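Enquirer: Residue-level listing of the chains:
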Amino acid sequence: MTLSTPEQPADLLPAAASFLDVRDLRVHFPTEDGLVKSVDGVSFTLEKGRTLGIVGESGSGKSVTSLALLGLHKGSRAQVSGEIWLEGQDLVALPEHEMRELRGTTVSMIFQDPLSALHPFFTVGSQIAEAYRVHHKVSRKEAMERAVEMLKRVGIPQPERRAKDYPHQFSGGMRQRAMIAMSLVCDPALLVADEPTTALDVTVQAQILDLIRDLQEEFGSAVIIITHDLGVVADVADDILVMYGGRRIEYGTVRDVLKQPEHPYTWGLLQSMPDIADDVGRRLDPIPGSPPSLINLPSGCAFHPRCAHKGRVPEGICTIERPELRPVAGTDAHIAACHLTARAKQEIRGAGPNDHRSTP
Amino acid sequence: MSTTQPIREPQAAPAPGGKLLEVTGLTKHFPIKTGVVFQRQIGAVRAVDGIDFSVGAGESLGLVGESGCGKSTTGRLITRLLEPTAGSIVFDGEDITHKPAVKLRQARKNVQMIFQDPYSSLNPRHTVGTIIETPMRLNGIEPPQGLKKRAQELLETVGLNPEHYNRYPSEFSGGQRQRIGIARALALRPKLIVADEPVSALDVSIQAQVVNLLQDLQREFGIAFVFIAHDLAVVRHFSERVAVMYLGRIVEIADRETLYARPRHPYTRALLSAVPEADPDAVERRERIRLTGDVPSPIDPPSGCRFRTRCPKFAQVLSEDERTACMDQEPELTDRAGGNPVACHYPETVELS
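Same order as they appear, the protein sequences are chains A and B. Counting in this note's numbering, the first sequence tops out at residue 443, every number present. Counting in this note's numbering, the second sequence tops out at residue 357, every number present.
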């Protein structure tokens, strides 16, 4: 663990062993321009059968976190520290050959772009069968049968015939289904989905989210869904982790975070989304500026240059001191990192009639 | 956007309420050929298959639908980046359907395009200044204040620092690049901008910045927009009228209040119900209409109503007799007993809750 770590936030104290327990995960990349701190002290826990949504803009470190869960930074220049406890094993300390055993069977991933994640030269069926044969001593024929069965399970019509097709013969939604079939072929206990629906149409997105939910119920696995779309998270997740500049800034259940967001960044995200039931005359309320550089994070609260409410905190503390994650009063597991007092937040929110969506 | 606008000359806009763009029976078929030496056509991808719509001066028309429905092809036909197979495009009283490229330049000055991907739509070897000046150079326009000054003004209009004139696109973030693309589109003071998914490659917070910018430009300069997007919430926010496309045809067209509150086509309803909402209560309340399967191939669209293969109403509600109409007759886009034009034999009447 690094020396510069501030006081441990409340939820990092030893707790009952969870299925997945990520503690103070850091992933740093040395570059010519300096050290890129893509993930800087991220912690969360996840139980089987639950879904965690990780939300943030591009460059917030959400995808790098997901790659670390699969040990995909091993062998690169990335410096990974912290702990990832999965079923009693620390994945960060695990050597590559042991990690390889776990990939597919214990942890598995659905990538954003199925066209580049599938090999164009092999049939869809053979790619799924190969993933199965890596971990199971079965004949080609048996593995192919398993692949067809998986394709059927994810809702691909005529699976026997479609297994012999190449990825380019599938439509976008079907390819994503095939990716899901491949990642589930060895019954993983933890499924990481990195922007699984971003490239898809809304109607197909709804189908894929339903599918992930159904399969989760059937297999009882834990799911981490990484997305920038709060709508997707509201739809499938139980918990939300909001990341900004490689750090957690808000963490809690979906209901707590979306109904009572505590961090100005989360307010900003919610306000900048056009809502389908909103007043059409309302001007969108974007977050000014752009996401920070991960080499040179702003001092104090990393969000302060874009925050509209820093003036309410006395003595410019926002620019000097990094806020800790503090529990939100009246909730069990909702934490947020902001210097604003509960009273100040009340006032800001109270400026509108009901909730965070109202523009002050 | 800064309020001290140096460029504020009024547009030579047609009479208010007049049609700026009128599209009738627009069709684009991409031929599928076989054979090496002697090629013969064995079929066609019917990307756009006979659509009619119009856009008034200063109005914004939204075009929505799933991928493959022909919305981007429509955008490229209007800007004449593609040659229409049939139908006509009348822009500002002038038929530009088959105008040769040399004569098109005048019309192209008035119709500009904003592309989806801010990374591939800007030449990485040109400076921002060159990128914005090129349309003016090509059209032989010499602004009184000089090209450079004008380009800098445009940069300011879209909220960028005019001092960035000499920088290259790689030095900008995605949102800023999209602003450069917008400045280029504004350079010729167009009357119509076709924006093809202008914000879908951007982060939500940046997306809102760009939508606001486009809205300001529309109001300030009275530019008409054809706004192509798959995000129904953004379209509702930006466009006064919305057309829903499915498999190369418009299935419903209405002003936004009507379309979002009382959609009549089952497809529009399904699309609307699939939009994710960031409100846990809304998620619980909502009844989602499930569409199964994928969009059928535009090479061989289903007979009769093109949507019937995925239509929940066709599958669950209609009787055997009623279905015959869906299978045999292609529904026309007409008013159908009052209300907005819809291409469905059995349009819905109930308001959305």
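Check before you lean on any hint, since a few could be wrong.
Calculated lysine to aspartate or glutamate pairs in the EDC-like style (CA-CA distance at most 16 Å, straight line) [claimed, not checked]:
#, chain 1, residue 1, chain 2, residue 2
1, A, K342, B, E288
2, A, K157, A, E170
3, A, K131, A, D270
4, A, K342, B, E281
5, A, K131, A, D321
6, A, K342, B, D96
7, A, K157, A, D116
8, A, K247, A, E228
9, B, K107, B, D96
10, A, K342, B, E201
Quick caveat, the hints were computed from the structure, so don't treat them as lab data. Here the structure is a predicted model, which means the values were calculated and not measured.
Enquirer: What are the numbers of the hints the structure violates, in ascending order?
Expert: The structure breaks hints 2, 6, 7 and 10; every other hint is satisfied.
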